[in-house]
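Trainee: Modelling step: build the complete structure from the supplied sequences, incorporating the hints.
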Amino acid sequence: MSDAIEPAGVARQPSVKPAMHRQSSSTPLLLEVKGLKKYFPIHKGLMRKVVNQVRAVDDISFFVREGETLGLVGESGCGKTTASRCILRAFPATSGEILFREADGTVTDLAKLDRPGLRRFRPQLQMIFQDPFGSLNPRMTIFDIVGEPMYVNGLKNRTERTDRVAELLKLVGLRPEFMRRYPHAFSGGQRQRIGIARALALNPRMVVADEPVSALDVSVQAQVLNLMLDLQEKLQLTYLFVAHDLSVVKHISDRVCVMYVGKIVEMAATEELFYTPYHPYTAALMMAVPVPDPSKRDIIQDLPGEVASPANPPSGCYFHPRCEYAQEICRTQTPELRELSPDHFVSCHRAEELKLAGIK
Amino acid sequence: MDSKEEPTELPIMENPDHPDLEEVDGVVPVPPTFPDDSASATEELLVANQEEERISIASNWTLVWWRFRKNKLAVLSGLILIFLVIIVLVPEFFATMDPEDTDARLAFIPIQSVHWIDEGRLKPWVPGVVGKRDPVTLKMIWTVDENEKVYIKLFAEGYSYKILSLIDSNIHLIGAADPEQAGKVFLLGTDRLGRDQWSRLAYATRISMTIGMISVGVSIILGLILGGISGYFGGWPDMLIQRLIELLQSLPTIPIWLALTAALPRTWSPEKVFFAITIILALRGWTTLAREVRGRFLSLREEDFVLAAELAGCSQARIIMVHMIPTFTSHIIATSTLAIPVMIVTETSLSFLGLGLRPPAISWGVMLQEAQNIQTLALAPWLLLPGVVVIVAVLVFNLVGDGLRDAADPYSN
Amino acid sequence: MPFEPVPANKITHQVDINTSPSWVDEPLLRVEDLKAYFFMDEGIVKAVDGVSFNVYPGKVIGIVGESGCGKSVTMKAILRILEPSAKIVSGKVTLRRRLNSEDPNSLEELIELTSQHPNSKIMRKIRGAEIALIPQEPMAAFSPVHTVGNQIMETILLHQDVSKQEAREIAIEVFRSVGISMPEQRIDSYSWELSGGLRQRAIIAMALSCNPRLLIADEPTTAIDVTTQAQILKLLRGLQEERQTAIIFITHDLGVIAQMADEVVVMYLGMVMEKASVNTIFKHAQHPYTQALLRSIPSMQSESRVKLPTIAGSIAHPFNRPKGCPFHPRCGHFMQGVCNANQPKLVEIGKEHYVSCFLYSDETIPSASPLTEKNK
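Chains as they are written, first to last, in the working numbering: chain V, 1 to 360; chain C, 1 to 413; chain A, 1 to 376.
No wet-lab data here; the hints were simulated from the structure.
For each residue, glycine too, the CB sits at the ideal point set by N, CA and C.
One thing to keep in mind: the hints can contain errors.
Subject to a maximum C-alpha distance of 27 Å in a straight line, what follows is the list of computed DSS-like cross-link-like pairs (lysine-lysine) [stated by the list, open to error]:
| no. | chain 1 | residue 1 | chain 2 | residue 2 |
| --- | --- | --- | --- | --- |
| 1 | A | K234 | V | K296 |
| 2 | A | K121 | A | K87 |
| 3 | A | K307 | V | K234 |
| 4 | A | K234 | V | K170 |
| 5 | C | K70 | A | K87 |
| 6 | V | K296 | A | K35 |
| 7 | V | K296 | A | K283 |
What follows is a list of derived Cβ distance ranges for each label pair [as the list claims (entries may be wrong)]:
| no. | chain 1 | residue 1 | chain 2 | residue 2 | range |
| --- | --- | --- | --- | --- | --- |
| 8 | A | A341 | V | G154 | 49 to 57 Å |
| 9 | C | P237 | V | T108 | 27 to 35 Å |
| 10 | C | H331 | A | D41 | 16 to 24 Å |
| 11 | V | E324 | A | S181 | 16 to 24 Å |
| 12 | C | D409 | V | N153 | 30 to 38 Å |
Mentor: As structure tokens, then:
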């Protein structure tokens, strides 16, 4: 029988410029987060006393350069979703600074602003949600959904809005006539596109994407990821891409931040992180992902134990109960996030000595 | 799976419109598999015909209606309900004579039987009644006099009235063919004071149904506002309102109602009493709805599309009015429709006991008051007919409400 | 045509496996041209439309597909736990059943599962003891008002002739074998007291408690973290080797398939697109859908920030299944007049390698009208 018929025209895949050439250390920071904390109190008893805190986000600091994609990756309970919503001020942070730089260069701490103060920033920071079915109001037409941000921000003229909505729909690969329809007429992938169109309605500078492809079918994920890459180039967007899927994060990010139980354990450029991880958790995470290559079986290494609970984290380094390299200091002292090599941060006491394997 | 309604013939999926697919020697060259071209072109395939288009632009209410339509029983009940509402709007049209017309000489006339054929033609008539006083008991005995034919017809002339207090008219649905004989048609008999039951029933329908609908309307408003405040803001308003609801719900309803209605001054006009009864009924009815609304608000607050609206810069008022409330309006309507019969039965019961509306107001309960003792029941069982109408009204509301609730709730299957 | 269930206990064979060499090659489970349709007000959904595969003892067969492909419905059809609105319209599922599940040398029989009544005694005996299901959502699979121990013991007591105390001991043992620490205490906890990974292990324990020869794992790792997933996959692999349990592994994750499966079945909109050994699928996939799927998945080995080759369009709604090959509207090799006219038949194009595509064969399935029909 003949060999696999290769479709013509798959010679060279078009690429978006690789990370190394896009940002330099002199590119201004669009967002800088310092010491962000978000604790949720646990109430118990008749008088609803606070007995404990869930440390969803436990003192994290990171930055995002203008025009780049920062991937925020971690397992359940690591706080990535809470952090992303905190940054957008969906709820107030417990403490910390969220420094946002506007187009004219002014830097404001979003954490200190109240509701009216935030209004000015809303158009600049938008979000793409995980659930394509819950993120669109089922009672509104696509025109209403995508046009609403414009309406509440001053664009009352219906014709102008219609034109702009049509433009946005075309931008995300949907036909403008679709604006008459309701969300129930669309598939998951299409709804995500609509969500993206809505996020872009106000020309944001930064878009926080909270697991935008996790709920989609595999064949549709690629479409949406490609769309996001395209839009980033066209519109000079900055992404904060939150996900639990390492392959997806690797595919779309310039830099990656790995979180565990509310803390950042490692932050570096994508290639650097994946080929030479400094933190045992990062290495373990990569080892745990099943490789779609049957000749590479039994490479799956599993990590003992369970993901620690943010309500009751271990002492010292939160990862120490599961870490094969743990020593006495790891049990007692919480490590700080430090820059071990240029632009590669890690919080591990033993990072210098360990020689960890990344992907090959 | 997205819900799909009513597809009839579904399209054959071909992609003749694919821009890159042109036949070359019977084999189509490969379209590029890279994005930003094929994706939008193949969107065309997904909606290739009118039917799907119709479904995709269908708003929620349209979908609810389509689902409701499938429930034949609910649709039938709906039609009966519409008929009742028409009676509510123009009861005078359905009446044959003034409901207040008392004539003691015409007391306890039984239901007249309608004869349809006269002299071989379709010419409905009712026999006249001749009363004679029994010399021994001095009671009126009514005998049917077949010779006296009172012809009836549709859309006859009768006493004059104003439609909705605006337009003058004197046409009634059924009446005597000869206006002079208008006072001789008693399709459902008369009561102790000689008042025509058929006409009174029409007027009673108006009052009883209106009380039910208005008190539920007031409950909805109260329930929405208080439940909304409770659910959206939380904190101490929530605590306060919830305790109030618990207090109200723990009070036994019947004694409270009895006490409140008994406390109404006897000197109040029927309109005032009507208004007061409506408010009293509504005061208890809002609690259940408030609880549901609160629950909905609590869960809606966590929804992504609400957060998206906040991030877009929507004010809280807009979020509540435009995003939250419309998602459960259909549910509110459904549960309210189920609450109306409760109010109707409550008012009927109260009036029956003499504690709600009082004559000269006419409601089903007031009419049923006439049928309270055994003697009356033995003599004039037709006075119980308002009870039948109450049953029908309650049934109809319940069936429509159930149908609406099933249609509005996409997970009911 | 309406499906008429045949009276229960229709046994076809009763053979001692040890003395009958012809049975050595007989698959444990044989699915032949299975069709299961949903009859709804709006029309007929052909959720499974002619699926065939074999499961051999001790082997892992991976079923890959996206939403709407019918993989879960196939499993429910095998176990005869379909919803009331669904019916098996045609096809045969045959199981090699042990007459005595507690005896390793037990006699066996071939039983046609599709001929049994779903509620019959024999089906209930088979569920749990011969074929066990690991469902997708571990939280939903446990009752919140019973301890996990109670539920496992219930299964054990249903299928094995033991006392309550013995059942408890078996349950503790099986907990231990799936790697749950402190099994004697854990057995008395409720499902919501356990973490995600522990719950998943508990579900596996319940499935294994009666030593079934076939496990059906329906997306067992979709809802859990990647590190927990690694643990569970390792566990399943170990158990499979140790007990020689056959597994039907349903997932959409090709990485998991590569790690777990011996054979792969690729499904799309209710039909089998390609069927081959795992190496063949990953190295020499022939069906355009399989190829496109493999190419479009981001993997850690591929270059960053490079656009992925995508499959155009999106999955058709099951009501709207395209005429002819279900994949043709999205296929890069579409042939006008061929692919949209008839459905291709699954043919063998290499050693144990089956493809249903007109690129490789002209054989077609004579199709009834592919349009949805109103349920008369």
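Trainee: Each hint should be assessed against the structure and marked as holding or not.
Mentor: Outcome of the hint check:
Straight-line distance between C-alpha atoms of K234/A and K296/V comes to about 14 Å, which keeps the hinted pair within the 27 Å bound. Our distance criterion of 27 Å between C-alpha atoms is met by K121/A and K87/A, whose separation comes to about 20 Å. Taking the CA atoms of K307/A and K234/V, the gap is near 14 Å; set against the 27 Å cutoff, the hint holds. As the CA atoms of K234/A and K170/V are separated by approximately 46 Å, the hinted pair breaks the 27 Å bound.
For the given pair, K70/C sits about 24 Å from K87/A by alpha-carbon distance, which is consistent with the 27 Å threshold. Using a Cα cut-off of 27 Å, the hinted pair K296/V and K35/A is violated, with the two alpha carbons roughly 36 Å apart. About 13 Å separates the Cα atoms of K296/V and K283/A, which keeps this hinted pair within 27 Å; it holds. The hinted window of 49 to 57 Å between A341/A and G154/V holds, with their beta carbons roughly 55 Å apart.
In this structure, P237/C and T108/V meet the distance hint of 27 to 35 Å, their C-beta atoms being roughly 32 Å apart. Separation of H331/C from D41/A is about 22 Å and conforms to the stated range, judged on CB atoms against 16 to 24 Å. A beta carbon spacing of about 18 Å between E324/V and S181/A agrees with the range 16 to 24 Å that was offered as a hint. In this structure the supplied range 30 to 38 Å holds for D409/C paired with N153/V, their Cβ-Cβ distance being about 35 Å.
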